[in-house]
Amino acid sequence: MKFEFTGKPLLAALTSAAVLAGCASSAIVPQPRAQHAPPQQQQQPVRSSTGSVTVPIGQPVRSQLPAPRGTLDPGFRRPPAGLSDRINGLWRAFPGKTGIAIQRIDGEWEFSERGGDLFPQQSVSKLWVTMAVLDAVDQGRLRLDQMVRIGPDDLAVFHQPLAARVLAEGSVTMSVRDLIETAITHSDNLANDSLLRTVGGPDAVRRFIANKGLGSIRFGPGERLLQSGTAGLTWQQSYSRGRNFQTARAALPDATRKAAMDNYLANPVDGASPSAIASALTRLARGTLLSPESTEYLLGVMSRTKSGPRRLKGGLPPGWQFLHKTGTGQDYKGMTAGYNDIGIATAPDGTRYAIVVMLGNTTSPIPARMSLMQAVSGAVAEFHGR
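Just so we're aligned: the sequence shown equals residues -21 to -1, 1 to 365 in mature numbering (1 follows the signal peptide of the UniProt record, and there is no 0).
Derived by calculation from the structure, the hints in this document are not laboratory data.
Because the structure is a prediction, the values reported are computed rather than measured.
Treat the hints with care, since some could be wrong.
Unchecked claim - No farther apart than 30 angstroms at their CA atoms in a straight line, the calculated lysine-lysine pairs in the BS3-like style are these:
#, residue 1, residue 2
1, K312, K76
2, K285, K76
3, K237, K312
4, K312, K285
5, K191, K285
6, K76, K237
Please work from the sequences and hints to get the whole structure.
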């Protein structure tokens, strides 16, 4: 199990500043975001009755008056007692390659199981496409109301509800904003590939990941090449129609399919580590990846995700909120190459946690996979505040 503190530089900087001001005991720590505040107010500093000032996302702000002395939230500096043991037990008991990472967004700690290994992301990678697009919007290179034409030659593979409209109408023109909504909330591969083409292709997303220092997160060649390569096929545009892809895949020799799947799992071109994803979610929630407007917008879109209601979200009790992105890979003889859910859970008191569960390859039935995810998120909720 990997265990580390993530906020020591932050507290050290605050303590040093306090010493220079003659009030070394008054370091301010970031407070959980109040859920009842409307979005436009959540971006504003909040002043308490004692004069201390905090901001809900990003670095804490020091007021001119010292903060009151008192006991820090016990879950701020370290995980609640027993949580890491519970997660370790769940991780050990589940068959297949499994990665789990949990990080307190408004705190100092993160721990993981197999957190540094690369796991197939599948549709989790749609999140990086959208972030790259919103970063381009922040820089003035794209606009949310910019229109994108989608024709038959742009069709992708597997889950793409938008394809029916394209085939019925000949072509469809949609705004970047609507494509983001469709790609994230419905995990539509055609909408995502259209965004990818608009932002500049896979290299543009890779530059975003590198420029933001997101660490062990790869981005693949796009949905069509990723899925055909995983299956052992060479992409043909005819595969985008109906079940042509599945028919061509079934016609391959078993040795070809097995070799392609084994190669993908051994070195996934879209691989990412659970710890890197948890860190990226934390930075997104703190507002250090995108502009305040783009941050608020993306978090809102993720809160409307339709897929995976019985994955991590299903383990959280009433009063908790969850925004997320799922990912599911191809099956081969009962084994799924990538079954994931990653997101941000918010407790009733506003405390936020990044939760990542990635199943690299597993033959466990789908109900068992969902039960594991629910047990992980349920444990976070159960131990919260201890």
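Here is how each hint holds up against the structure:
Proximity of K312 to K76 is assessed by CA-CA distance (about 16 angstroms); at most 30 angstroms being required, the pair is judged to hold. Restraint check for K285 and K76: satisfied, since their Cα atoms lie roughly 26 angstroms apart, inside the 30 angstroms limit. Proposed proximity of K237 and K312 is supported: the alpha carbons are some 10 angstroms apart, at most 30 angstroms. Between K312 and K285 the CA atoms are separated by roughly 27 angstroms; this keeps the pair inside 30 angstroms, and the hint holds.
For the given pair, K191 sits about 28 angstroms from K285 by alpha-carbon distance, which is consistent with the 30 angstroms threshold. This hinted pair checks out: K76 and K237 have alpha carbons roughly 17 angstroms apart, not beyond 30 angstroms.
Comparing the model with each earlier hint shows no violations; every hint is respected.
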